[in-house]
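Dock chain one against chain two, each of which comes alone in its own frame, and use the hints as you go.
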Amino acid sequence: MWARIILLSLCVLMIASAIHFDPARQRSLLLARPAEGPHLKLMTWNIGYAEMEDDSRAHTKDLQMVAQTILRNDPDAVALQELTGPDQLKALLGYLKGKYGGAVATPGSADRVEAVLVKSQNDRKASFERVAAGERFFVAAEFQSQSKAPQIVFVSAHADAFSSARRRVFTGDVVDWSHTQPNNALVFIAGDFNFELRSTDDSHLYSDNVKNDSEAYSYLLKYFRDLGRDASDTAVNDRRIDYVFGPTEAVFLRKADVLRGTGAEQMDHWPVIVEIALEKE
Amino acid sequence: MFTQLRLEFLKLFRSRSLWFSFAAVSVFVVLMLWGFYSYAERQAGPGATAQFKYTYESKSYFNGLTFALYSLMFSFSLLIPIFVAMVAGSQIAGERQTGTLRMICTRPVSRVSLVLAKFLAVSCYTWTLIAFFIGLNLLVGLLFVGWGDLQIYPGALNLVDEPGKLLRDEALWRFVCASFTGAGALLVIAAIAMLFSVICRNAANATVGTLALYVTFLVIGRVEFFEQLRPYFFTTDMDFWRDVFKPDIPWTSFQHYASICGAYIFGTLALAITIFQRRDITS
Numbered sequence: 001m002w003a004r005i006i007l008l009s010l011c012v013l014m015i016a017s018a019i020h021f022d023p024a025r026q027r028s029l030l031l032a033r034p035a036e037g038p039h040l041k042l043m044t045w046n047i048g049y050a051e052m053e054d055d056s057r058a059h060t061k062d063l064q065m066v067a068q069t070i071l072r073n074d075p076d077a078v079a080l081q082e083l084t085g086p087d088q089l090k091a092l093l094g095y096l097k098g099k100y101g102g103a104v105a106t107p108g109s110a111d112r113v114e115a116v117l118v119k120s121q122n123d124r125k126a127s128f129e130r131v132a133a134g135e136r137f138f139v140a141a142e143f144q145s146q147s148k149a150p151q152i153v154f155v156s157a158h159a160d161a162f163s164s165a166r167r168r169v170f171t172g173d174v175v176d177w178s179h180t181q182p183n184n185a186l187v188f189i190a191g192d193f194n195f196e197l198r199s200t201d202d203s204h205l206y207s208d209n210v211k212n213d214s215e216a217y218s219y220l221l222k223y224f225r226d227l228g229r230d231a232s233d234t235a236v237n238d239r240r241i242d243y244v245f246g247p248t249e250a251v252f253l254r255k256a257d258v259l260r261g262t263g264a265e266q267m268d269h270w271p272v273i274v275e276i277a278l279e280k281e
Numbered sequence: 001m002f003t004q005l006r007l008e009f010l011k012l013f014r015s016r017s018l019w020f021s022f023a024a025v026s027v028f029v030v031l032m033l034w035g036f037y038s039y040a041e042r043q044a045g046p047g048a049t050a051q052f053k054y055t056y057e058s059k060s061y062f063n064g065l066t067f068a069l070y071s072l073m074f075s076f077s078l079l080i081p082i083f084v085a086m087v088a089g090s091q092i093a094g095e096r097q098t099g100t101l102r103m104i105c106t107r108p109v110s111r112v113s114l115v116l117a118k119f120l121a122v123s124c125y126t127w128t129l130i131a132f133f134i135g136l137n138l139l140v141g142l143l144f145v146g147w148g149d150l151q152i153y154p155g156a157l158n159l160v161d162e163p164g165k166l167l168r169d170e171a172l173w174r175f176v177c178a179s180f181t182g183a184g185a186l187l188v189i190a191a192i193a194m195l196f197s198v199i200c201r202n203a204a205n206a207t208v209g210t211l212a213l214y215v216t217f218l219v220i221g222r223v224e225f226f227e228q229l230r231p232y233f234f235t236t237d238m239d240f241w242r243d244v245f246k247p248d249i250p251w252t253s254f255q256h257y258a259s260i261c262g263a264y265i266f267g268t269l270a271l272a273i274t275i276f277q278r279r280d281i282t283s
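Chains as they are written, first to last, in this note's numbering: chain C, 1 to 281; chain G, 1 to 283.
Looking at chain G on its own, in the form it has when it is part of the complex (with noise of 0.2 Å):
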């Protein structure tokens, strides 16, 4: 199993789509600066008409705490589950789409423990991905718009309730958090994209089918017609990982919905292990 695992990492370190992925995120934190920055200027720089004087134009709210927030917050929903589902969806159908998957399964190593070190091995790659997103953003915000304490207020980013704030240093123990919770909730996309993976012929159609199945719970969720069904949704499960940008964190609830995320990556897990373990390789 071991060494399998080392295996999967070699060849996780060594395919583009891993570099590919932690460029793309680069590039969306400058854009994210250069957005911030702007409109920091128009709405509270000089000559700017002070409209939301008690909240998002005081002079503490436009912070590095606030833009690592907003940068991680437009991005989780849409931009990294993007790179996750490729990175997992390739795994056993991109191996069967170059040969080799028939090749390593005549090895003497079992296909569970093939599943299973793939997908540790997209686990980690999804807690590097965004760990270093978060750290990016945080070394950007305080090199570029400088530090301070991280101001949240009902309605914009829909976290809170009433308005809340975290101290500074407190603050950056949540970013911590969130690279934990975050991952973990990647880990429902990342199985479900496995389990195509074990399903499909070739890698795109895997990314590609797991991103339909995403993207349309995401926006049918959105949809005020699909109210009653969007507690059923994964994805709506998915949004405990933001709880830990609350200032009196939630426990039951965090615990309640990562309990359900946790129920559909081992689930989506056994199902692709006992789909794997059945199918002909026959390419």
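Chain C extracted, bound-state conformation (with noise of 0.2 Å):
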């Protein structure tokens, strides 16, 4: 008999202790960093549909959805990835209200681009530059927030869906075009990567596609920080394949979020959004 109350109590024991070690307490208190000095929000957003959808690139209907989130949220940068071409760029530009500047990325072979939206300053005026890497191209923007300010540079990428050795190659030589930037410039990758990463899923061991992946992920990590990591999933299937990489130094981390829910029924990814405070000089 007493041997079963003593078991029976260590097993109750056992479960208040795991009520009260809740992991998920332990990260919200990680996630946010407040700090001073100036502040920069960056914005990236897959805006292409699921791929079971007849065109999963980016629809010119959903562009006035999309330009409303972006002024909603106000962000100093965005990132989108899969529109068709500068066409729909210069309707959503239109429907920001020129409230933002903004380039597309040379198309190549792809049948989509990446774009890189700033928002307009009177006195300051952002540059942009587009770069090839491995078999696609991404496209960079130069600006300076707030005066004083270090300069900025935010690069919108999308790595290939398909290919991890592609996504591998692609990623290796972003990073290595953010090394040819002035020094005193802050860096920051933002885009869709497609990485298959996620240290709870233990079902995958050892394979050349999470080699790849991790491969590219932690060559990336090297020289940058992933600014959304505590954030939640970014796209459908709880995978979370949009990323905002910043230095590792001279930020601070305010905020991550996903906003979940955000954007047209058919579009498989969310808008993520990174807050950052920059190290006063």
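Think of the hints as simulated: they come from the structure by calculation, not from any bench.
Just so you know, not all the hints are guaranteed correct.
Example chain G residues on the side facing chain C (calculated, C-beta under 7 Å, incomplete) [as the list claims (entries may be wrong)]: (1) P108; (2) P163; (3) G164; (4) T252; (5) S253; (6) G267.
Note that CB positions come from ideal geometry on N, CA and C, so glycine has one too.
Quick look at the structure:
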């Protein structure tokens, strides 16, 4: 009898301990890190449709809603993926009522392009650069969020959805390109990288696909910080494949959010917003 | 109780399944060494195209500690649970099958202390098996692959969210810790096997029942259709043992899942004792 009572008491004690040590609680404490200094808000969003749709690229009819989301959240710069081309960018900038300027990447052989938008400032203009990486292209904007704030380089990138080897080459090229930027510039790389990496999912132990993505992600983390790591999944099927990478020093993460449920029903990604404080000079 | 415990250890020490399990894990280490060697030669040897130059093919990646970690991870899910289920499943059901259970129960020994003594013996066996396996891997790794730091990358093994590194001495301590956390996680299987052992009439049924339950949850937990159910499987909670290999151990999560496993162990044992005490032993 006593043995059973002791065992049941231990069982109850263990259940109480499991409830007390709730892993979700630890996570929320780590999420925000307030800091003084100029703030910067960055957004990335793949506005294309899910694969099962007839045309998985962005649809012009959704652009007004995309613009409203951008205006409501008021980011300093936005990285968009899967636009059909410059016409859609033009339409989007129209909906944004001149509050943002932007550019699209060179399409190359792909049927969709990335775009980068930067909030217009009266006294400071953004410049844009289109760069080749692997078999694809990406687009970068260079701007200053506030006067006396450091120069910001913001990249909008989209890695291959179907080949981890191509993702690795593309990511390597983007990172190597970032090294060519001036030393005093703060480089941020945002976009849909399609990495399949989950430490909670132990279904794959060792495969070339995992190794390719692990290599690409590790290479990024050698020079950058994954600013949205503590935010939730960014795409349907519980995937976190949209990222904002930033410098490891000189910036403090204030907030990282995924705006779940935002966008058209057929879209398979949600916008990721990262707010950071820049270190005072 | 102590006499009972001594007898259980003696019986366990004399059983063939114990020595078979040690021999089997030793063969597995040899196989892993062969696979590891040929893979490293293929991927990082002369003439190989460096694809993963920052991570898996860097010169310092393939070393004895990496070898031991991979070997341990691969064997933990499927190989070692088989032996734990086999030994634990045969404890009561095996005695019943050979006709000795009735005789034991006629002696002035309580059924509770019988089950607890058997479970303690199984617990010691579980720790010894996993400690032997880790020790053998480290020894083989040291002799045939060489020492170095333990580098861990996101993705493969699914241990970390960002690249990390454990210095050699720290990594060795983590392996020592893993022998305890690993044994702790496996005790969930041992407790379930004890429950089946009390219920079933022969040891094979108890072992197969335990393994069927374990493998079913393990497989279902990996199928994407059942992702919503995954948090409720004991196989998911058992993964806490791997946290000791993370450069920064997530203590809150570790204690949470370790506590859940503790609840499974004590709850299942209490149930096994309750059933065993009410059982009419006729064979």
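Outcome of the hint check:
no.	hint	verdict
1	P108	violated (16 Å)
2	P163	holds (5 Å)
3	G164	violated (10 Å)
4	T252	holds (4 Å)
5	S253	holds (4 Å)
6	G267	holds (4 Å)
In the structure shown, a violation is registered for the earlier hints numbered 1 and 3, in ascending order.
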